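The listed protein sequences correspond, in order, to chains Y and A. At the far end of the first sequence sits residue 357, using our numbering, and the numbering has no gaps. At the far end of the second sequence sits residue 531, using our numbering, and the numbering has no gaps.
Each hint can be trusted.
Simulated pairs of lysine to any residue, SDA-like, Cα-Cα distance not exceeding 25 Å:
1) A:Lys506 - Y:Val218
2) Y:Lys287 - A:Ser411
3) A:Lys405 - Y:Tyr286
4) A:Lys439 - Y:Gln330
5) A:Lys439 - Y:Pro316
6) A:Lys166 - A:Asp124
7) A:Lys405 - Y:Asp335
8) Y:Lys231 - A:Asn494
9) A:Lys405 - Y:Asp322
10) Y:Lys231 - A:Met338
11) A:Lys166 - A:Asn135
12) Y:Lys334 - A:Thr403
13) Y:Lys147 - A:Asp323
14) Y:Lys147 - A:Val350
15) A:Lys408 - Y:Ser326
16) A:Lys151 - A:Glu134
17) A:Lys148 - A:Ile126
18) A:Lys166 - A:Leu191
19) Y:Lys231 - A:Val350
20) Y:Lys147 - A:Met338
21) Y:Lys219 - A:Arg378
22) Y:Lys287 - A:Thr403
Calculated from the structure, these hints are not laboratory results. Note that this is a predicted model, so its numbers are computed, not measured.
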Amino acid sequence: MRILLIEDDISVADYIGKGLRQSGYSVEHCADGEQGLALAQKSEEYDVLVVDRMLPNMDGLTIIQTLRAADNKSPVLILSALGEVDDRVKGLKAGGDDYLVKPFAFVELLARIEALLRRQKSSTSETKLKVADLEMDLLAHKVTRGGGGFNLQPREYKLLEYLMKHAGQVVTRTMLLENVWEYHFDPQTNVIDVHISRLRQKIDKDFDQQLLSTVRGAGYMLRDPEIQ
Amino acid sequence: MIINKILASYTFRFLWAYVIGLSVSVLIVLMLVYATYSYDYFKQLQGAVADEIVALEEVYENTGFGGLERFIGEKIEKGELNRFYYLVVDQEKRKLAGNLDDWPIYRRYDDGWLEFHLEILSWNDQKRELRFIGRSEEIGDGYRMLVVHHHGEFRGYAEAIRGALVRSMMVTIVLGTIGGAIVAGLSVRQIDRTNKTLQSIMSGDLSDRIESASMRGEHKELALNINLMLDRIQQLMEGLRQVSDNIAHDLRTPLTRLRNQLSDMQDQAVSDREDRVQPLIDEADGLLSTFSSLLRIAQVESGSRRAGFTRLDLRIILLDVIELYEPLATDKAIKFVSSLQAEAFINGDRDLLFQAFANLIDNAVKYTPENGCVNVELGSVGEEAFVTVTDSGRGISAVDQGKVFERFYRVEASRSLHPGNGLGLSLVSAVVKLHYGHITLSDNQPGLRVEVRWPLVD
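All chains should be built: construct the whole structure from the sequences, respecting the hints.
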């Protein structure tokens, strides 16, 4: 897995690069906007681009627009400092796939990069999701485990769908808020935890195998304990 | 309404007092003129009468009674041209000569002057009531002479002058009042406009300025100065914001690094250490979240997010917030009731409104004891939408109600009981202001009632 990191802040770049390499990715770093664009255009082999918004010579959004205009479909994660007006909207309109405000916890970045990689792999329209014996029929809107069905609230269904689509990877609280509740906000309390524990009550309570686990300091993960 | 405003305005009252003051002083001046004039008039009159008496006495001394009678006769012949009247009587007050018939009943002044009035037939046979002033003198041989002069014309003039004075005074007052009202009206209008702009500036957008192009004179100068002052305030606030933003921003980066290093340490540590690192990570997360909140409040207060406002239905956002927090309430056995009107559209930022409602409902659930209740209501009154969040917790004292919107302010009693950074309500207040709304806290007996109002859009 190759990641291109275009970021002019050396300390941020070092820390992201180090973390990603430790997680098993190969990272190339570039501190200049124009050079970064050239690198991204030269090789289409990058699995993910991590692009800072403010860069010398060419800003991040221009890089993304140029790439998209040239039909380069590599997933892009935009990094930005908090404070500018509807940055997120602009970033996503320019062709970014996800948006992260600095500073962030590394786990947040990693979880988002993994989500982007996953999206890339499974972009085909699936009709069924399966994690161990837990199954979700996207067409019939039905969830079953070990032959028995569950009665899920619409939001619980959406939450489970997102977790299943990202099975085996860490999903952070902000990712859930952004993708399941579709609001960008700071919840201050453990409100997401309550929803997760409700969902866990429904899908895990009567089973020996616990599929939905909490990853301390990061978020949650739904996975088949048999795998890995 | 506008009339009352004008009448109550300082300008109008000042001008009115000025008109009254001016009228009174003009009246005093005119009265002085009148007094001086009448004093001179009577002095001259008295002089003329005295001269006449001297002349008559001389005639009597030189030519005796016969000469005097002739002399008076000649004078009377001249008629109207001669404004003296005479009467010469003997000791028994019988008329001997003159054009007055009887010795009149007169008023005698201390200085020997007499005053009386009589009806006189004038040259065109019309009766006229005339006032006279004159003297009587002994001229010898028991004869007494009365020489008087009428001053009726003067009375007439005086009456006319007084009438004119009173009328012009009235006109002055009436015109002055109307003029004052017009001037006050103009001034009230300009000041009103300035005040309205200032209020709107105070309630939110500091970048707004008073429109001074159509103003004149001192009003324009005032508006320009206020604008300059606003520029300065804005600069200072921006400077302050910049500094606090920079602090928050610059501290966040090393803090993030610290947090991440702790996290690395936790991953590599043996299980015993792992537990000791977690509180440190939590602490760092708390600090990071405080800095983020501060920066978010600063961003909201800057007003820049207004650029992204869209028309939204408060009901939909509220339903989402309620849905998010409902399990939290259920876990505490809190009765969570909502009554939302069908729709209420305002212009706003979806994420920020969600954040504001989330903070309010989060607080309500947090501060309400088990088995308590939390109510959320959405409605509209006139041109405004309102959202109320009420709880049955311990509430906020009237003293604290004004302070809880300040950054980092926490009610003393809750400090130890509930974790928090004291920024939640500051953010709510900033978001409400950004949306041109008002937030009020009141006692729900027991508990807290928060009411937020916004202008509706179609």
